[in-house]
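For chain A, the structure is supplied; the task is to place chain B on it using the hints.
These protein sequence lines map, in sequence, to chains A and B.
623 is the number that the numbering used here gives the last residue of the first sequence; the numbers go up by one with no jumps.
623 is the number that the numbering used here gives the last residue of the second sequence; the numbers go up by one with no jumps.
I should point out that these hints are in silico values taken from the structure, not numbers from a laboratory.
Don't take each hint at face value.
One copy or any two copies: either way a pair holds, since identical chains are not told apart in the list.
When the alpha-carbon atoms are kept at most 35 Å apart in a straight line, the in silico DSBU-like pairs for lysine-lysine are as follows [said to hold, decoys possible]:
1. LYS540 x LYS562
2. LYS482 x LYS562
3. LYS562 x LYS366
4. LYS434 x LYS562
Number of protein chains: 2
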Amino acid sequence: MEKNIPYDRLARFTEAIFTAMGCPEGDAVKAAEALLSADLRGIDSHGVARLSGYVRLWEAGRIIAKPDIRVIHESPSTAVVDGGSGLGLVVAPFAMDLAIKKAAQAGTGWVSVQNSNHFGIAAYHAMMALPHDMIGIAMTNASALVAPTWSRERMLGTNPICVAIPAGKYPPFVADFATTTAANGKLEILQRKNLEAPVGWIQDAEGQSVTDAHALKQGGALLPLGGDREHGSHKGYALGSIVDIFSAVLSGANYGPWVPPFPAYVPMPENQPGKGIGHFFGAMRIDAFRTAEAFRKDMDQWIERFRNAKPVQGQDRVLIPGDPEREFESLRRKEGIPLLDSVMEDLQNTGRKFAINL
Amino acid sequence: MEKNIPYDRLARFTEAIFTAMGCPEGDAVKAAEALLSADLRGIDSHGVARLSGYVRLWEAGRIIAKPDIRVIHESPSTAVVDGGSGLGLVVAPFAMDLAIKKAAQAGTGWVSVQNSNHFGIAAYHAMMALPHDMIGIAMTNASALVAPTWSRERMLGTNPICVAIPAGKYPPFVADFATTTAANGKLEILQRKNLEAPVGWIQDAEGQSVTDAHALKQGGALLPLGGDREHGSHKGYALGSIVDIFSAVLSGANYGPWVPPFPAYVPMPENQPGKGIGHFFGAMRIDAFRTAEAFRKDMDQWIERFRNAKPVQGQDRVLIPGDPEREFESLRRKEGIPLLDSVMEDLQNTGRKFAINL
Numbered sequence: 266m267e268k269n270i271p272y273d274r275l276a277r278f279t280e281a282i283f284t285a286m287g288c289p290e291g292d293a294v295k296a297a298e299a300l301l302s303a304d305l306r307g308i309d310s311h312g313v314a315r316l317s318g319y320v321r322l323w324e325a326g327r328i329i330a331k332p333d334i335r336v337i338h339e340s341p342s343t344a345v346v347d348g349g350s351g352l353g354l355v356v357a358p359f360a361m362d363l364a365i366k367k368a369a370q371a372g373t374g375w376v377s378v379q380n381s382n383h384f385g386i387a388a389y390h391a392m393m394a395l396p397h398d399m400i401g402i403a404m405t406n407a408s409a410l411v412a413p414t415w416s417r418e419r420m421l422g423t424n425p426i427c428v429a430i431p432a433g434k435y436p437p438f439v440a441d442f443a444t445t446t447a448a449n450g451k452l453e454i455l456q457r458k459n460l461e462a463p464v465g466w467i468q469d470a471e472g473q474s475v476t477d478a479h480a481l482k483q484g485g486a487l488l489p490l491g492g493d494r495e496h497g498s499h500k501g502y503a504l505g506s507i508v509d510i511f512s513a514v515l516s517g518a519n520y521g522p523w524v525p526p527f528p529a530y531v532p533m534p535e536n537q538p539g540k541g542i543g544h545f546f547g548a549m550r551i552d553a554f555r556t557a558e559a560f561r562k563d564m565d566q567w568i569e570r571f572r573n574a575k576p577v578q579g580q581d582r583v584l585i586p587g588d589p590e591r592e593f594e595s596l597r598r599k600e601g602i603p604l605l606d607s608v609m610e611d612l613q614n615t616g617r618k619f620a621i622n623l
Numbered sequence: 266m267e268k269n270i271p272y273d274r275l276a277r278f279t280e281a282i283f284t285a286m287g288c289p290e291g292d293a294v295k296a297a298e299a300l301l302s303a304d305l306r307g308i309d310s311h312g313v314a315r316l317s318g319y320v321r322l323w324e325a326g327r328i329i330a331k332p333d334i335r336v337i338h339e340s341p342s343t344a345v346v347d348g349g350s351g352l353g354l355v356v357a358p359f360a361m362d363l364a365i366k367k368a369a370q371a372g373t374g375w376v377s378v379q380n381s382n383h384f385g386i387a388a389y390h391a392m393m394a395l396p397h398d399m400i401g402i403a404m405t406n407a408s409a410l411v412a413p414t415w416s417r418e419r420m421l422g423t424n425p426i427c428v429a430i431p432a433g434k435y436p437p438f439v440a441d442f443a444t445t446t447a448a449n450g451k452l453e454i455l456q457r458k459n460l461e462a463p464v465g466w467i468q469d470a471e472g473q474s475v476t477d478a479h480a481l482k483q484g485g486a487l488l489p490l491g492g493d494r495e496h497g498s499h500k501g502y503a504l505g506s507i508v509d510i511f512s513a514v515l516s517g518a519n520y521g522p523w524v525p526p527f528p529a530y531v532p533m534p535e536n537q538p539g540k541g542i543g544h545f546f547g548a549m550r551i552d553a554f555r556t557a558e559a560f561r562k563d564m565d566q567w568i569e570r571f572r573n574a575k576p577v578q579g580q581d582r583v584l585i586p587g588d589p590e591r592e593f594e595s596l597r598r599k600e601g602i603p604l605l606d607s608v609m610e611d612l613q614n615t616g617r618k619f620a621i622n623l
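Isolated chain A (complex conformation) (with noise of 0.2 Å):
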């Protein structure tokens, strides 16, 4: 069963936990939006459902409320960052802004951020580019869940990208997804349902392609995009591998099985070769290419072409990355924020650890 509750009350709900934690005013609210554009765009995995997590991190240790995030290291168009054990949702948008501010003068930004936490999700902080009329980018590694191809081994995270794209008239392309076949939050429905995986998702402790949803859980392994070696799994393997060493080994974060678990009762893999996990950020300025004005005007032309591309039978048309979501959250910010009553039970034992109400 799930029940309606409106935005703004759980935006303030959010923000109070994160502020009883003792973050900033400015921290608590940056985070607590960080963390809901998740629940209005539909990705209800990687939003207020996780809120409970985060405390948890907090009480063991692992996320500090008040962080010293500092530039570590940089260059005209380059920075890394050390997130100082923050709140990744607080972490990612100081170093998209910083890419942004880099870009408006050297043309792009691109900033490599060490000893941060998950940060939601990477659409947030890449569409903060949308504004200033740049191309916004957002990578960062989670702790291992994915196999290589060939391997039974849990080396990679879902490790997703996001890329934001401005446009004229309409709205633009955003782009963000795990460079695995389905993400985590996906197969967990299924589980809840006791339902079957269809083929390509998950593997099973010793490497075999299985649809029990449930293999997971028992030594099995998300399979990266393609699901299999004839199908191009490999790719999905780069992708992951990408994500992780622009994330993590550019910055000096923990990569591959080193990167700390979210579940604050799983214990630190041992001999972690960085600090927390790793984020990688960019922002390229439409004008660093050519004109805004003749940018617009081609993207226009290229949105219109494709949702206007013939659709299948059964389909009435084409989608341009991003459509879903905007859906979503225009529905979302009218109709309120689904919750199923196992999250309204975690958030109200989360609210009750603070004496907070929802």
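The following block gives chain B in isolation, referenced to the frame of chain A:
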């Protein structure tokens, strides 16, 4: 049947053809090296087998042998290059070289290219960054063969992406892949042998997934990486779109279904919005992020850890992107490039046009 031809002999022949077309000597040498890097690396579909296709484009006036390659827009970390309708094999190294020069100054360099032609394999260009202790990125759009998710129309090329990352004691990480489930070259092999294609590679003219390898030539389309919506084809569609937009909407080249076709006998699409085909290149100086020494140490550990990930039964090891191509190159430099009889014949016919013997 096939026969091995020593690399040097093939390179001299290819240079002679480009020189006979009117390319300046330096350009002919560069273009031959770029083209044959595909044969060395085992990407037979993109190497010397395409030489006659380039010649036909030159005969049709679509490729200019002595192009006026110009920088038409720039910022400290970016530029747009007009390739002057030159060989992509010459234009792309010019643009990548510019990206490397920008990176030396600004930390990173990003170059979008209009008015170019096919550039061979992306890896050749991206790997130019490696000796400079930089990460190299190369991508290009190409004529439309790929249907977006839920469409029965060909809208995108196979739009490859290459990311080349230097390491320390180990060979570099080099991922170079089409953003489709399978590259067109692999499908052509099945067509020649009259074999069925795996589900998820292609669809027919109505947009139904089929296994008939000939369906592509009967109005069908290649499928984006993922194959269908349930297996993440919207992610492959997004990736191919990002390549198209970075390469062509940022530069003023043609995009989507307007990209010029490779076969010279196929008429140009009508109402083209831009000039030629588009590419996009990037170079990121490692020490714009952290010391090259610290990076190399972590990159070596990354490679070592992934190479030693537990393999599934029946596989003796997990590969690092770039491993298979490097093994091909090492073998073929020693033993020569295997050419099918049909390719040999095609090369001899091309040579005859210019009175050049293979």
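Going through the earlier hints one by one, which of them does the structure break, listed in rising order? none
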